[in-house]
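Could you put together the complete structure from these sequences and hints?
So you can see what is in the structure, the chains are spelled out below.
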Amino acid sequence: MEVRIVHKTENEVHFLVEGINAAFANALRRTMLTRLPTMVIDEVLILENTSVMYDEVLAHRLGLVPLVTDLTSYNLPDECDCEGKGCSLCQCTLTLEVEAGDEERVVYSRDLNSQNPKIVPAADNIPLVKLAPHQCLIIEAYARLGTGRENAKFQPVATVAYKNVPIVSVDKSKCDMCGACIDVCPKRILWNDGGTLATQNTLDCSLCEICVKSCEVGAITIDYKKDTFLFKVESTGALPPVEIVERAAEILKERIQIALDFANSL
Amino acid sequence: MVGERRDKYWPVIESFFKEYGLVGQHLDSFNRFIREELQQVVDSVSEIKPKIEGYTVALGKIEVHPPSIREADGSEHPLYPNEARIRNLTYASKLLLECTPIRRDGSTTTRLETVRIYIGDLPIMLRSETCLLHGMTEEELIKHGEDPKDPGGYFIINGSERVLVTQEDLAPNRILIEEASKSSSYTHIAKVFSTSRGFRAPVTIERKRTGELRVSFPSVPGKIPLAILMKALGLESDKDIADVISDDEEIRNELIVTIEQSAPINAPRDGSGGSTVENALDFIGKRVAVGQTREYRLARAEKVLDRYLLPHIGTEPEDRLQKAYYLGQMVERLLELVLGKRQPDDKDHYANKRLKLSGDLLVSLFRVALYSLTRDIKYQLERTAVRGRKPNIRTAVRADVITQRLKHALATGNWVGGKAGVSQLLDRTNYISSLSHLRRVVSPLSRSQPHFEARDLHSTHWGKVCPNETPEGPNCGLVKNIAMMAYISVGTNEDAVEQALMQADVEAIEARQGRRGAKWADVFLNGRLVGVHAAPKLLVRAIRQRRRAGEIDQEVNIAYYEDTNEVQVNCDAGRVRRPLIIVENGQSRLTDEHLRMIEEGEWTFNDLLRNGIMEFLDAEEEENTLIAMYPEDIRPNTTHLEIVPSTILGISAALIPFPEHNQSPRNVYMAGMAKQSVGVPASNFKFRADTRSHFFHYPQVPLVKTRAMDSIGYEERPAGQNFIVAILSFEGYNIEDALILNKASIDRGLGRSTFCRVYESEERKYPGGQEDRFEIPDRSVRGYRASESYRNLGEDGIIETEVEVQGGDVLIGRTSPPRFLEEYSEFEITSPNRRETSVAVRHGESGVVDSVILTETIDGNRLVKVKVRDLRIPELGDKYASRHGQKGVIGYLAPQEDLPFTEDGVVPDLVLNPHAIPSRMTIGQILEMIAGKAAAMEGKQQDATPFCGVTEEELFGLLKKHGFQHTGRETMYSGVTGEKLKTDVFIGCVYYMKLHHMVADKIHARARGPVQILTRQPTEGRAREGGLRFGEMERDVLIGHGAAILLKGRLLDESDKSTMLVCEECGLIGVYDRNKDQYYCPICGPSARISSVVVSYAFKLLLQEMMSLGLACRLRLKEMI
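Sequences listed follow chains A and B, in order. For this note's numbering, add 874 to where a residue sits in the first sequence, where the first one is 1. For this note's numbering, add 50 to where a residue sits in the second sequence, where the first one is 1.
Fair warning: there could be bad hints in the mix.
[Claimed, not checked] A few chain B positions that, by computed beta-carbon distances, are all more than 12 Å from chain A:
| # | residue |
| --- | --- |
| 1 | Glu229 |
| 2 | Thr237 |
| 3 | Lys336 |
| 4 | Arg392 |
| 5 | Glu821 |
| 6 | Gly1028 |
[Claimed, not checked] One-sided excerpt, in silico: chain B residues whose CB lies under 10 Å from chain A:
| # | residue |
| --- | --- |
| 7 | Asn792 |
| 8 | Asp797 |
| 9 | Gln856 |
| 10 | Arg892 |
| 11 | His893 |
| 12 | Glu895 |
| 13 | Val898 |
| 14 | Arg919 |
| 15 | Val957 |
| 16 | Thr1027 |
To be clear, the hints were calculated from the coordinates, so they are not data collected in a lab. The model shown is predicted, which means the values in this text are computed figures rather than measured ones. Even glycine gets a Cβ: it sits at the ideal position worked out from N, Cα and C.
Structure below.
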């Protein structure tokens, strides 16, 4: 297996994985989506809410705020010594105390005060609620670790997807340079290179095969590599994207091990 | 680009809505009612004449005050609508009437002092000129707890919002001729509904097979030969009659039979036996005043002719000749139909329809109310006079006569004239449903008969009535909705129009002694024959010119029918009219310069009317036009130009993107479903207390919109969300219109809504000084519930806010005095025994207490309203629909990781089964998916207005530009196996609406529960926690299987099993005497053998009911082996 990072930014990573099959690629994708824990507000104590927003809607919005997660210092509630009752090892308290003055005021995610300076909203400009003059919020929120299996808010990724790596081949002997395929390709893979049909950025090809359909002489064939996948992972900001992939791989490994152990014990 | 050119005139439409609003027809009608018609009704009464010598009361000016309320303590203050809504009050104004008592002493009359008397309360239409909200800015409206976008046009009666639904009616005073059905004894009929001052008098002329013509009209039993009636009206000679009818020989020949019929009444030549007119009158008199003297008969006949025959022409003796001329006109038409010179009239033509708006309905209601008030005043005055006191008008007026009459009719919908369902509770499901409700038109035709023609879409509905927005089922085509640009006339002064006609050389019919002549065109004004004209085309042109120049009122419409050579001029109320651009000499009068002025707000829509650039046409005048659809269609003979063709649709149908690509029933379904979608009903929802309301979380502006949405304001009160939709089969969970929703999308807040229910209770006072009390009921109270039901009540007996409650939990604790006062006992009051009358959360519902309103009713009673809200997260079975009549229920909530994804990581929110498309042919939805995708990528809404929105080519280009296949299909990968899907998947954005049919409101099951008192069988229905019916077909199944014990279990053991005592001797019901511990038969005595038999309680009941009828139902008992 070989991994090559194609593109990387603060919240996004694109990488090629060679030497795996679709099942493995999908397992990795699903692990990232559902098995990798993140810290998210899961319980909200509303002491005062005079805004127009219903308590349950506000609580739901708080839950959707991604928090920067520190996986090393917190336990999953099930695995915690407190048996899920909630202790400082599995729970982080955030408070939100805002009162609008004589003006309207928008409450943003940055107004959340965290007990742990490491566990803060990943983005500070997420609007939570708009307060009319003199409306007031006093909220205590408890964040905990959880996985995407429970609720989508625990997903560490905004998107995770992969695609097969395309192989675009042109049979130059058949090609009559009619140009139909060049016009039709939405990704502009094919181009006229001084009288011959050439390909470019083939990694962008979406395998739609619209060029194949447009080519009357059948000069183009689109295929894809069975063992190579281009992953696109975009983080919510809870964890750095590379860490998401690494940790997901570890979890996957563990789970495979469990499965193997179980199979061997039969 | 085609799109830009075709909707070029949209600014005109926007200026139209700015001027008229969305419910302008109601407001204008009501304003006219207040301004003019109210006074006219009073003037028509004008005087109260009690049976007191020399005493009358003249009625003067009527005044309408701003809405106010008089509290129980006597204080009075202005009433704003939201206070009325919350406190269950009626939003009404005081009516003050000037009354002047007049004393007559011999020849001297003295007018006493005029007094202004409060005669009752008149409910006020919101946002009308009398409404306190009229002319307020948005900020002021918000300050008064109103939604600034609320259209008004409804009333508030006892706190509930009521709409007066516009009633469609056959046009009054118009002659309709038709062929009679084969089975009747008549061949042809001419009919007219002569209507004057709310009195409807149908007059029909029928032609028998023999050719004789007979007239029937109210208050005269049977039918009168036409010629006799004509003679009674003053046309003495047969020649006169024939002349009045026609100068066409063929038609005159048809009259011979009729005229001969009248021969016996002709005055004999010798002068004996009275004049012809008198004889004719006597003929009628003999029918209306049987067995009276000749003098009396004649007087009665004259009165009947004046009062009940064609009252719209007049009710004075001078009008009799006019009536004869009118009858002549009717006969001419009838005979023309007989001779095939004319086609039967089209009843469904919209020129023959009039809409009665709230103002018209209130006029008829107020007239009746005022009549009963005057009767009551008369009675009161006479009573005081009989007692020998001086009559005092001030004390004789009882204000609640009018108040109650009006309120009762508005609250129940039972109108004068026996119409029911005239006022309806305003539909507040969402903004669109409210608007649509205010623009609804109902036809009085019965729902049970087919009436296919009346239900059909008629070509004259174009631009007036929405072709798509009508309910399915029994009301189809009878309930309609007016189109966007349709506007209903409120009526103008008829005399001014008549004068204008006379100035335009119309020769008055009186001047010609009723002889119209075939060459001359008849001129009708509001269905009344006013005269004839030699050059009708010139007349029509002249009148039109004067109207465009503003010399004649805007509301006048004129049409010339070439085939029948008649001119119809209309200026009455209730005609549906629509604006069109005037075209002259192949040139549209609306220039780009005008358009610019409109766009920049320099000109309003009225300026266009005033300058003769646009005009309103009714269905009648439209018959004379050639209307070009688009500017490029203008030909030399074109007379008008459509503004924008898509305005033929109504409010609801105008929301559909690409409707012209859909099969038409789909648009009908959508127009219906838009009214069921959960959205934002009003922005003041926090201050409203509707019994049930839904509120949609995160409503979105549609990515694919229509231009009509801007004018309607849909984007400020939307009711849906843009879903990513993939058309794909998925594990079979979306078979048969099921939908698969992405669980993660729901976790993130997709499709959530809140349901609110308001519970209310009042501390009523009872006669005898007893009253209800809000309190936590004491254990001793009769009907005390389990104590935990009361656990959340505060010490005032009312629940706290933000408390979670479930079915059965008490929200308002209340006790009432005992229903029947106990007899006086010598001992002290034993026990007050109050009843528990608390209000509890409905069975099966739950939620959080949102707000508690504590206020006071008009009687000074305390009133509590508790709003309970319930979060509705999409779940299995909830109903969703796109804007193309594609509805479905959620069949599966799929985890995100299992759903297919595209290479960009896009996962559908909703997976739609491909079978939903081909048979329904909703190409609009396919286009919406593409347009939605293009809009999402482009970051710009796409315009899908019918006939002028974006084209497929443009959308294909946009998709390609953003790196998608132009088809909208994408390569997807299975979320389960990870493999690329064999074929690419059609995926895009569709605006989906959540419909208010939710599983949480319907789910129901029971193992045991309440039974009916009478039959002891389980109750029926969810609300009563009822059982599920084991019906006839289910019974058949068990019989078919031979499962007898199971069958008995269902129908007897688990239902109303009971034991009955039966006397074995006589077979009648036996009795057990508990005191003596003895069984006996009421007939055979104590010695009889009594057996206990297991029967259904309903059977026992049947036996006893039959016994009460005197039947002896004997059971023959045998030993069971």
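Okay, the hints, checked on the actual structure:
| no. | hint | result |
| --- | --- | --- |
| 1 | Glu229 | 63 Å, holds |
| 2 | Thr237 | 69 Å, holds |
| 3 | Lys336 | 77 Å, holds |
| 4 | Arg392 | 64 Å, holds |
| 5 | Glu821 | 35 Å, holds |
| 6 | Gly1028 | 3 Å, violated |
| 7 | Asn792 | 9 Å, holds |
| 8 | Asp797 | 4 Å, holds |
| 9 | Gln856 | 16 Å, violated |
| 10 | Arg892 | 20 Å, violated |
| 11 | His893 | 23 Å, violated |
| 12 | Glu895 | 16 Å, violated |
| 13 | Val898 | 7 Å, holds |
| 14 | Arg919 | 7 Å, holds |
| 15 | Val957 | 8 Å, holds |
| 16 | Thr1027 | 7 Å, holds |
Hint compliance for this structure: hints 6, 9, 10, 11 and 12 are broken, all remaining hints hold.
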